[in-house]
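If you read the sequences in order, they're chains A and B. When we follow this note's numbering, the leftmost residue of the first sequence carries the number 1, and every step to the right adds one. When we follow this note's numbering, the leftmost residue of the second sequence carries the number 1001, and every step to the right adds one.
These are calculated hints, taken from the structure and not from any lab test. Incorrect hints may have been included.
Covered stretches of chain A (in silico footprint by chain B; criterion: 3 or more residues with CB under 8 Å from a CB of chain B, positions within the stretch not fixed) [said to hold, decoys possible]: (1) 37-46; (2) 102-111.
Below are the DSBU-like pairs computed for lysine-lysine, each with C-alpha atoms no more than 30 Å apart in a straight line [claimed, not checked]: (3) Lys1078/B - Lys1062/B; (4) Lys70/A - Lys1011/B; (5) Lys1011/B - Lys36/A.
In this text, a Cβ means the ideal position worked out from N, Cα and C, and glycines have one as well.
Residues per chain, in single letters:
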Amino acid sequence: GEDVEQSLFLSVREGDSSVINCTYTDSSSTYLYWYKQEPGAGLQLLTYIFSNMDMKQDQRLTVLLNKKDKHLSLRIADTQTGDSAIYFCADSSGGSYIPTFGRGTSLIVHP
Amino acid sequence: EAEVAQSPRYKITEKSQAVAFWCDPISGHATLYWYRQILGQGPELLVQFQDESVVDDSQLPKDRFSAERLKGVDSTLKIQPAELGDSAMYLCASRLGGHLDTEAFFGQGTRLTVV
């Protein structure tokens, strides 16, 4: 099975909060990442969290980590149409800094 | 603003032909990665360099793929011969390196179509 799993699609209304969920299997992951990919573009690091933290907030973004359940979530407050993109969860494979990616969640924001 | 440069942005090639992609990492970044992203999937690591040395190429299909970073700066990924299943986005990323450095910066990618 896949090391990092995410749901494939999420649709939200503009102004609402979006929550993208992810589960991972590698318990030795030191860092967990959220990347954003807009159509035809490379990956942009949005935020990351150390494995010894359970929450990190950065402006409209909130990352929650449940290390016991190996569950990571990204909450985007006041979602805007410009937030429409694919969001990738990644763990750091084998305790290294090498991101190992999930399949991505396509976030669609509609008016 | 410093960025990872990749070329070409798009490449169409016939199967059985050779194709090469180029990556210029951010200046001073010791670690360089090549990823392959098949449509609808997440990126998968192909090879990692630390300076000019290959650190991990366990996922690189070595019968047809090769990668080099001769002077520890820019890097080339080659496919020979290309197959239809190689159609994908090829992403290069670089990292400063070191224990406290966590962020890998990605280039725009090269989209390869094999016909």
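Now the hints, each set against the structure:
1. 37-46: Contact hint for the stretch 37-46 of chain A vs chain B: holds, 6 residues under 8 Å.
2. 102-111: Held - the stretch 102-111 of chain A has 3 residues with a Cβ nearer than 8 Å to chain B, which meets the minimum of three.
3. Lys1078/B - Lys1062/B: Within the cut-off at roughly 10 Å; holds.
4. Lys70/A - Lys1011/B: violated (39 Å)
5. Lys1011/B - Lys36/A: holds (24 Å)
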